[in-house]
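In terms of my numbering, the numbers along the sequence shown are unbroken and rise by one, the last being 320.
Keep in mind the hints are simulated off the structure, nothing from the lab.
A few of these clues could be false.
What follows is a set of in silico ranges between Cβ atoms, one per label pair, in the way DEER data are often shown [to be verified]:
hint: 1; residue 1: 129; residue 2: 42; range: 20 to 28 Å
hint: 2; residue 1: 312; residue 2: 288; range: 21 to 29 Å
hint: 3; residue 1: 53; residue 2: 265; range: 40 to 48 Å
As a list, the in silico DSS-like pairs of lysine-lysine whose alpha-carbon atoms are at most 27 Å apart [claimed, not checked]:
hint: 4; residue 1: 130; residue 2: 148
hint: 5; residue 1: 235; residue 2: 258
hint: 6; residue 1: 119; residue 2: 39
hint: 7; residue 1: 132; residue 2: 28
hint: 8; residue 1: 28; residue 2: 39
hint: 9; residue 1: 148; residue 2: 120
Yeah, the Cβ is synthetic: ideal placement off N, Cα and C, and Gly gets one too.
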Amino acid sequence: MTTINEYHLLVNPNSGSGKGIKIAHKAKRHLEKQGKKAHLYESQYQGHIANIILTLAPTLTEAEHRDELIVVIGGDGTISEAVNALGDQYASIPLAFIPSGSGNDFSRGISFSRNPKKALEQILNASKPKQIDVIVYTNNQTGEKKYAVNNVGLGLDASIIKQVNQSTSKVVLNKLGFHSLVYLSAVLSHFIRQKPFPLKVSANGKTESFQRAFLVNVNNHPYFGSGIKISPKASAFSGELDLIVLERVSGMTFLKLFLLVFTTGKHLEDEDVHYYNSKELRLSALSPVEGQKDGEEIGFEPFDMTLTTTKRLFWFES
Numbered sequence: 003m004t005t006i007n008e009y010h011l012l013v014n015p016n017s018g019s020g021k022g023i024k025i026a027h028k029a030k031r032h033l034e035k036q037g038k039k040a041h042l043y044e045s046q047y048q049g050h051i052a053n054i055i056l057t058l059a060p061t062l063t064e065a066e067h068r069d070e071l072i073v074v075i076g077g078d079g080t081i082s083e084a085v086n087a088l089g090d091q092y093a094s095i096p097l098a099f100i101p102s103g104s105g106n107d108f109s110r111g112i113s114f115s116r117n118p119k120k121a122l123e124q125i126l127n128a129s130k131p132k133q134i135d136v137i138v139y140t141n142n143q144t145g146e147k148k149y150a151v152n153n154v155g156l157g158l159d160a161s162i163i164k165q166v167n168q169s170t171s172k173v174v175l176n177k178l179g180f181h182s183l184v185y186l187s188a189v190l191s192h193f194i195r196q197k198p199f200p201l202k203v204s205a206n207g208k209t210e211s212f213q214r215a216f217l218v219n220v221n222n223h224p225y226f227g228s229g230i231k232i233s234p235k236a237s238a239f240s241g242e243l244d245l246i247v248l249e250r251v252s253g254m255t256f257l258k259l260f261l262l263v264f265t266t267g268k269h270l271e272d273e274d275v276h277y278y279n280s281k282e283l284r285l286s287a288l289s290p291v292e293g294q295k296d297g298e299e300i301g302f303e304p305f306d307m308t309l310t311t312t313k314r315l316f317w318f319e320s
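Whole structure, please, built from the sequences with the hints as guidance.
Rendered as structure tokens:
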């Protein structure tokens with residue numbers, strides 16, 4: 003049974019097209035009915051979740067016996083922001099998570115309930131945190147280090163993310179429960195427009211060059227784009243990363259691979275798909291290309307990055 007008596011609920015009120023704040027208030031009431039202390043913090047601007055965590059973290063680490071817990075309520079971008087806020091300095095602080103986003107791929111990837119009520123019960127039933135892999139990616143030019151809980155991508159998937167984030171139909175489709183349709187429409191519109199780019203991949207002691215890289219996706223678990231099982235062999239518990247590289251292919255070949263993803267899941271076996279599994283990866287794309295991590299844009303620029311995993315603590319009972 004849990005040792006936690008005080009909960010800090012950090013919510014992105016806009017997550018899930020407004021569901022986040024409703025879920026947060028229900029969670030607060032439920033905790034208080036059980037005699038727990040519950041503090042609610044609403045994110046007011048981009049980066050606010052990180053600032054709240056950095057305010058709370060020093061107090062939490064000073065506690066001799068852990069009886070307080072940060073609970074993040076939001077989507078994949080919100081939990082990613084929280085992990086980046088803790089960084090290395092506060093890596094010993096566990097996070098709990100109640101998903102309220104439209105995609106919730108992180109919950110899928112770690113077999114965590116996407117039902118908010120059940121997710122809260124998983125938190126309350128836990129007596130200790132679990133270790134989950136997150137991606138660490140380091141800019142080899144600047145040394146800057148950041149984290150991702152789901153994936154890091156270059157090329158097509160990053161362009162898709164950019165369009166999805168700017169889509170005027172996103173809110174409507176999210177409310178109707180058709181979030182994947184936003185991604186699917188973006189895939190079709192960007193396939194023709196996406197330009198290939200030169201890429202070097204270093205993995206397992208070998209380096210391979212691609213002159214016409216098109217889609218590059220590093221995965222911490224199987225899911226992308228609201229449940230699309232793009233990397234079926236990936237696991238957030240293995241200490242390894244999965245990388246998929248697809249060069250520019252014909253429309254018919256792309257359609258074939260697209261169908262394989264949604265049917266047999268055997269797209270990794272296709273000769274046009276380059277698949278890597280490694281504890282460490284290096285990606286060098288020295289001409290400007292769109293980049294994304296966890297569904298958030300990270301710029302249109304050259305990239306030279308090294309990617310590994312590190313363990314982070316998440317509080318839930320599976």
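Structure-based check of all given hints:
Between residue 129 and residue 42 the CB atoms are about 25 Å apart, so this pair conforms to the stated range of 20 to 28 Å. For residue 312 and residue 288, the hinted distance range of 21 to 29 Å is satisfied, since their beta carbons lie about 27 Å from each other. Checked against the hint of 40 to 48 Å, the pair residue 53 and residue 265 passes, with Cβ atoms roughly 44 Å apart. This hinted pair checks out: residue 130 and residue 148 have alpha carbons roughly 26 Å apart, not beyond 27 Å.
Only pairs whose Cα atoms come within 27 Å are accepted, and residue 235 paired with residue 258 is accepted, the gap being roughly 20 Å. As the CA atoms of residue 119 and residue 39 are separated by approximately 18 Å, the hinted pair is consistent with the 27 Å bound. Taking the CA atoms of residue 132 and residue 28, the gap is about 25 Å. The hint holds against a cut of 27 Å. For the hint linking residue 28 to residue 39, the alpha-carbon distance of about 14 Å falls within 27 Å, and the restraint holds.
Our distance criterion of 27 Å between C-alpha atoms is broken by residue 148 and residue 120, whose separation comes to about 30 Å.
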